[in-house]
Amino acid sequence: MATASPIPDSTSTAERATANLLVLATKLPPEQFESVLAHLTEAFSAESVIVGAPEGLAAHSLTSLRIVPAPQSGAAWTLKPADFINAYEVGREHEVRAVLILGPGSDSLSPQSLRALADAVLSAGIDLAVPHYTIPPNTGLINSAILYPLTRALFASRARFPQALDLGLSMRMAERLATAARRFNVPDQGDALLWPVNEAIAAGLSADEIDAGPRAVPQPADIDVSAVLALVTGSLFGDIEAKAAVWQRPRRPPMVQRPTPAASPAGSTADVAQMLEAFRLANANLQEIWSLVLPPHSLVMLKRFSTVETAAFRMPDILWARIVYDFLIAYRLRTINRGHLMGALIPLYLAWVAGHINVTASSIAPERHIEAVATAFEADKPYLVARWRWPDRFNS
Amino acid sequence: MQNVTENLLQQGQKPSVIPVYDDGSIWQHMSAALHQSFYRVLTLLIAVLPGILAFFAALLIFTLSGIAISWVLRRCLSWVNFDQRLARKGGADWTPSSAPTEIVARFSFWACVLLGLIIGVSAFDTSYATGTSLPISLLPYLTRAVGAALLLVAGSLIARFLARSVVISAVNAQLHYARALSLGVKWLVLVLTGAMVLDHLEVGGNIVELAFGILFGGIVLTLALAIGLGSRDLVSRSLESRVEHTGDPTHIQEMDPSSRKTIRHF
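Residue numbers (the numbering used here), protein chains in the order written: chain A, 1 to 396; chain B, 397 to 662.
In isolation and in its complexed conformation, chain B is listed as follows:
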């Protein structure tokens, strides 16, 4: 189109009519671009779709298998009195909130689900690798996210368990800062978990490690200073009373010595 105009100018002819631009060619270009883009996306979807379907199929099949396996395990373990046998062997030191049979059944179910998830992600990964490359790299994060979620759940459970253990022990030892101590332990574990999760996700890089090191070290240093300076007398008294009570430990700690003969709990 530009050439036509130039030729006309060179020939000294005034163009009687303003040339009409070839709108059709623009639309053709746009259409071609759109078609190419649509084709690329469609090709990608066609390449990835089997992977997605394989992911859901694997998840579904293994979930159903997990349900079946856990049902069979529950029946078998109940039949052999697994709970009672374990209680006889293991005692009551480890007492989870569910019966051992239930825990085994649940574990088998979630193991199957996790296996299905891994196989599904693997199938998706294969189809993704053979397909057109995506501009974003979401997939590596998918597997990491599963691990990070597990870390987060485990960390939260451990934090809650330790917080309860600490607050109960501290209250029974008559420490007035029991709740603060429990909260401190809880947040230490949660901070540690958070740092591990971020590290696992490779978010933040060295900043997370550095920040965590400073935070954790700061808390430990603060506690050490608090105990060393503020609670020096308390610690020494506690140690002294422990030594004194080793001979007759069935009584409440730090109780009036004159009353030890009057109160006996057993």
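Next up, chain A with everything else stripped away, as it sits in the complex:
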């Protein structure tokens, strides 16, 4: 029988007893890091949290929080695989119970939001706490059009931001994400995206979203909307392909009840006209490629909608859901080159954005429209499952 040492290691015991939470912020400018530290000081007691930071940053800070050296990735607009690996390794080293990863621009998060994210994991026993940001209207439109509805329909998660910049993780969730991240942690794939919500559902861990209030959302630099859409959507499609066995199981749709904010100021009509012009141009030129991906019914609908006047244009929710599902099927079947596939999706996405702006201009709250889109995705999931299992060849 093992006996305890009569002289306990006071330092390590104190650390183990008090440090419940590790906060790991991605690379931030010194002034933003100071702001984050100030918010953390306000939100947590000094003994309950340790902060991981590069040694250079830690040396200059005047906070009462305990700062430990931790490597950081150069994440500029989203979390990188290295962030998840670092979070788990440092958390395991300091034997914390939970990890709070803060992404780029996290100085805009309020102390209350930070506290809520940590409490969800530490007190409520949630493995993955995903923040629900309050962002300006017509922001994060790729998320609203594709990421959120698709994740909600397939994985039955109510997370409004599946690709959130900040996450609260239990240690087992952090371990799971670190394992997944190691697959991508190679020089060529440093910018690969991980999908924490999908990982949590696949591992049978609990995930929930926490209201996090307003947050500044950093934008990717040096790439255009085509590259962002291809990168983010392609990554999600790839993850869905890898987890086909998980999402094909029947799941009960999540109960989503969010306060609906008032209707927002509409986007510029110049934007709508420009985006619809791109859609009409694509409708005239990309029929050959779309016909390889979309069934005739969708093509006829698109042709019909391409003649609608700019102000009256709407993309029906069911049509948009069907389009995304058909592109997902084509991605899986490799019907055409995946780069071409994502390129062919861009004009359709722009048409959805134009329709969304028109809808919100008619005094309908953006969130209500986005929820309607997500509901359409849920309703049409049997179509995806059927075609995924028995892909027919409608175009041969």
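Rather than coming from a laboratory, the hints here were simulated on the basis of the structure.
Treat each hint with caution, since some may be false.
[As the list claims (entries may be wrong)] Short, incomplete list of chain A residues facing chain B, as computed with Cβ under 7 Å:
1. V225
2. G343
3. I346
[To be verified] Reference listing, derived: stretches of chain B covered by chain A, where coverage requires no fewer than 3 residues with Cβ under 8 Å from a Cβ of chain A:
4. 560-567
5. 570-583
[As the list claims (entries may be wrong)] From chain B, some residues computed to sit far from chain A (all C-beta separations above 12 Å):
6. Q424
7. S466
8. A495
9. G613
Beta carbons: idealized from backbone N, C-alpha and C, even for Gly.
Once you have looked at the hints, place chain B on chain A.
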């Protein structure tokens, strides 16, 4: 027969009976000619037949070997999770329409078939060289035809890929002549492929090279003139807008500057 008639005329005797021509000798000559021809063809066939049989045997053996090798490769690569490993290393930049394992298996199969074809043609060539010479020189074209067919297939695939790349990029750049541009690229590559195929088959000689040079040069000159004269303003506008948008490139190009703060895609 002619001598007999002449002798009779010289002797002043009228031939009481018109001499009967020796029909049997004609038939003999014809028969001899036919026999000789038949013999030549038969000899040729006998000489070439082993080559033909060797060609089909080589093709069959290597096709069966290809099936076996591709099956083994498919199993082995699936076992070591080759697709997933490659995806991790290579990313999604190169995404063919089939899984990498499938491509490797297919490649091994068709490599075996091609090897069988080459060995078969070589065997046929050997037997052909030892046999009687054929009046026509088809065989050199057989090997060239295989190369030409490969060129044609590769050219068609490249043309289709480039045409799709161009039309998608042009549409997303909101160029109204996207389809024309795509068709132009497609036909340029196809014309280039056609010229290469004809050159490989040695059909047409210098005429093909000359015609291709004139056609290709003409198309390039036309495009240069069209861009230089007709689209001068468009090019300058495009360059200007590109310079303006480098600071915030996540927005749609040439969008209303006042709206940049209202729409954010990510």
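Now the hints, each set against the structure:
1. V225: holds (5 Å)
2. G343: Holds. Min distance 4 Å.
3. I346: Because about 5 Å separates A:I346 from the closest Cβ in chain B, which is inside the 7 Å limit, the hint holds.
4. 560-567: Holds, because 7 residues of the region 560-567 of chain B bring their Cβ atoms closer than 8 Å to Cβ atoms of chain A.
5. 570-583: holds (count 5)
6. Q424: The claim stands: B:Q424 keeps its Cβ more than 12 Å from every Cβ of chain A (closest is about 65 Å).
7. S466: holds (19 Å)
8. A495: Non-interface label fails for B:A495: nearest chain A Cβ at 8 Å, not farther than 12 Å.
9. G613: About 28 Å separates B:G613 from the closest Cβ of chain A, which puts it past 12 Å; holds.
Figure legend: structure checked against the earlier numbered hints; the only hint not met is number 8.
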